[in-house]
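Read top to bottom, the protein sequences are chains A and B.
Quick note, the first sequence lines up with residues 1 to 112 if you use the working numbering.
Quick note, the second sequence lines up with residues 113 to 221 if you use the working numbering.
Some hints here could point you the wrong way.
Per the computed footprint, the stretches of chain B lying under chain A, defined by three or more beta-carbons under 8 Å from a beta-carbon of chain A, are [to be verified]:
{"id": "1", "segment": "151 to 157"}
{"id": "2", "segment": "196 to 209"}
{"id": "3", "segment": "212 to 221"}
Beta-carbon label-pair distances, calculated as ranges [as the list claims (entries may be wrong)]:
{"id": "4", "chain 1": "A", "residue 1": "Gly16", "chain 2": "B", "residue 2": "Arg188", "range": "49 to 55 Å"}
{"id": "5", "chain 1": "A", "residue 1": "Pro39", "chain 2": "B", "residue 2": "Lys157", "range": "18 to 24 Å"}
{"id": "6", "chain 1": "A", "residue 1": "Pro39", "chain 2": "B", "residue 2": "Asn134", "range": "35 to 41 Å"}
{"id": "7", "chain 1": "A", "residue 1": "Val12", "chain 2": "B", "residue 2": "Leu192", "range": "33 to 39 Å"}
{"id": "8", "chain 1": "A", "residue 1": "Thr15", "chain 2": "B", "residue 2": "Pro126", "range": "44 to 50 Å"}
{"id": "9", "chain 1": "A", "residue 1": "Glu62", "chain 2": "B", "residue 2": "Ser138", "range": "19 to 25 Å"}
{"id": "10", "chain 1": "A", "residue 1": "Val52", "chain 2": "B", "residue 2": "Ser180", "range": "36 to 42 Å"}
{"id": "11", "chain 1": "B", "residue 1": "Lys220", "chain 2": "A", "residue 2": "Glu79", "range": "43 to 49 Å"}
{"id": "12", "chain 1": "B", "residue 1": "Arg216", "chain 2": "A", "residue 2": "Glu30", "range": "31 to 37 Å"}
{"id": "13", "chain 1": "B", "residue 1": "Pro122", "chain 2": "A", "residue 2": "Glu100", "range": "25 to 31 Å"}
In short, the hints are calculated from the structure, not lab data.
Just so it is clear, CB atoms sit at the ideal spot from N, CA and C, and this is done for glycine as well.
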Amino acid sequence: DVKVTQSSRYLVKRTGEKVFLECVQDMDHENMFWYRQDPGLGLRLIYFSYDVKMKEKGDIPEGYSVSREKKERFSLILESASTNQTSMYLCASKRDRVTEAFFGQGTRLTVV
Amino acid sequence: RKEVEQDPGPFNVPEGATVAFNCTYSNSASQSFFWYRQDCRKEPKLLMSVYSSGNEDGRFTAQLNRASQYISLLIRDSKLSDSATYLCVVNGENNDMRFGAGTRLTVKP
Numbered sequence: 001d002v003k004v005t006q007s008s009r010y011l012v013k014r015t016g017e018k019v020f021l022e023c024v025q026d027m028d029h030e031n032m033f034w035y036r037q038d039p040g041l042g043l044r045l046i047y048f049s050y051d052v053k054m055k056e057k058g059d060i061p062e063g064y065s066v067s068r069e070k071k072e073r074f075s076l077i078l079e080s081a082s083t084n085q086t087s088m089y090l091c092a093s094k095r096d097r098v099t100e101a102f103f104g105q106g107t108r109l110t111v112v
Numbered sequence: 113r114k115e116v117e118q119d120p121g122p123f124n125v126p127e128g129a130t131v132a133f134n135c136t137y138s139n140s141a142s143q144s145f146f147w148y149r150q151d152c153r154k155e156p157k158l159l160m161s162v163y164s165s166g167n168e169d170g171r172f173t174a175q176l177n178r179a180s181q182y183i184s185l186l187i188r189d190s191k192l193s194d195s196a197t198y199l200c201v202v203n204g205e206n207n208d209m210r211f212g213a214g215t216r217l218t219v220k221p
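Here chain B stands alone, though its shape is the one from the complex (with noise of 0.2 Å):
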């Protein structure tokens, strides 16, 4: 079993749409996450921190569950200029930092 799963998609939403990406981890112990975003031949860039109380910024609001152990991310009023891969990452407790396979989104006008 991945120590990070994710649904891989792709999501095809149109402009204005409100999408959701889930991820769960295995590993109980692991103490930070986070999503990062990959645009087309690009390296990944972080999007947002994940922390325990939730957090929003400006149209993207992360939660973590760790009960569950699952991660989302909530992208309200989609852009064309969302259109990407969304990568949830946990950190776990050697320092070690793994990657969920991914979810494409492409928003389309």
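Chain A with its partners taken away, still in its complex shape (with noise of 0.2 Å):
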């Protein structure tokens, strides 16, 4: 059963913190994503890469960074959390263009 995890399913963050969201695949795929889910804005891309240690910028990268040092990890860090990146995170992962992607169950991350 294929399965992506995210290390926690709610987070509470002071302004200014430095904050990691982990997000593990066991598929071995290629691909992998970070989005942030807002009400009326839907999934918005933030980041995404192709391979190891590859990354891309998506739609809305300001105020983040990503790595990805293991095919299976990819994680996503805020450098200095402000109280407009409060949101749901989700992970994602898929083999190639044509595939279903899965989901991680998503990180409610609220910054106070």
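Build the complex: two chains, separate frames, hints provided.
Structural data, given as structure tokens:
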């Protein structure tokens, strides 16, 4: 059974903190993605990676960075958390362009 | 302009109705297309891929018009269990994967 695991379901952080969101997949997928989902805005692409150590900016990369040191793990980093980064964060992985993407259960981050 | 545009709805329909969702995309080099379904407080899951020739899966029919850069999803004989948000997804040439904002469907008895 395929699995994408995000390290936390709920997280509360203070403004200015450095925040790490971890995502691990067990399907040997090349491609991994980070999105944030906000009401009325849908899923917006933050960063994606098509291979180890490779990363590409999505539509809203400002305030975020990513790390992919191993194929199975894709980390999202909020360098200095701000209240406007309060959101649901979703990680996904897929093998290639034409196949299904699998999602983690999401991390609801609140920045206070 | 957003890369993937969807009618946000909401659509409220009675059981048994036929409902159609539309989606447009801006990048003509887009490679592959999908519809995902997202239930409340859950992660998105694949509903069906969309092929150039059109494809059907039971009560669901998906169509793609590359010339007009337009994707559609038709649901026939709606069931209560079809209530969800339907997300249009477009895969670009760089392996990026972009979502529409989603269309919320509520099927009522």
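Status of the hints after comparison with the structure:
1. 151 to 157: holds (count 4)
2. 196 to 209: holds (count 7)
3. 212 to 221: Holds, because 3 residues of the segment 212 to 221 of chain B bring their Cβ atoms closer than 8 Å to Cβ atoms of chain A.
4. A:Gly16 <-> B:Arg188: 49 to 55 Å: Given range 49 to 55 Å: holds, Cβ gap about 53 Å.
5. A:Pro39 <-> B:Lys157: 18 to 24 Å: 20 Å, holds
6. A:Pro39 <-> B:Asn134: 35 to 41 Å: 21 Å, violated
7. A:Val12 <-> B:Leu192: 33 to 39 Å: About 36 Å separates the Cβ atoms of Val12 (chain A) and Leu192 (chain B), which means 33 to 39 Å holds.
8. A:Thr15 <-> B:Pro126: 44 to 50 Å: About 47 Å separates the Cβ atoms of Thr15 (chain A) and Pro126 (chain B), which means 44 to 50 Å holds.
9. A:Glu62 <-> B:Ser138: 19 to 25 Å: 21 Å, holds
10. A:Val52 <-> B:Ser180: 36 to 42 Å: 38 Å, holds
11. B:Lys220 <-> A:Glu79: 43 to 49 Å: At roughly 46 Å between Cβ atoms, Glu79 (chain A) and Lys220 (chain B) fall inside 43 to 49 Å, so the hint holds.
12. B:Arg216 <-> A:Glu30: 31 to 37 Å: Roughly 32 Å apart at Cβ, these two residues keep to the hinted range, so it holds.
13. B:Pro122 <-> A:Glu100: 25 to 31 Å: 26 Å, holds
The structure shown violates just one earlier hint, number 6.
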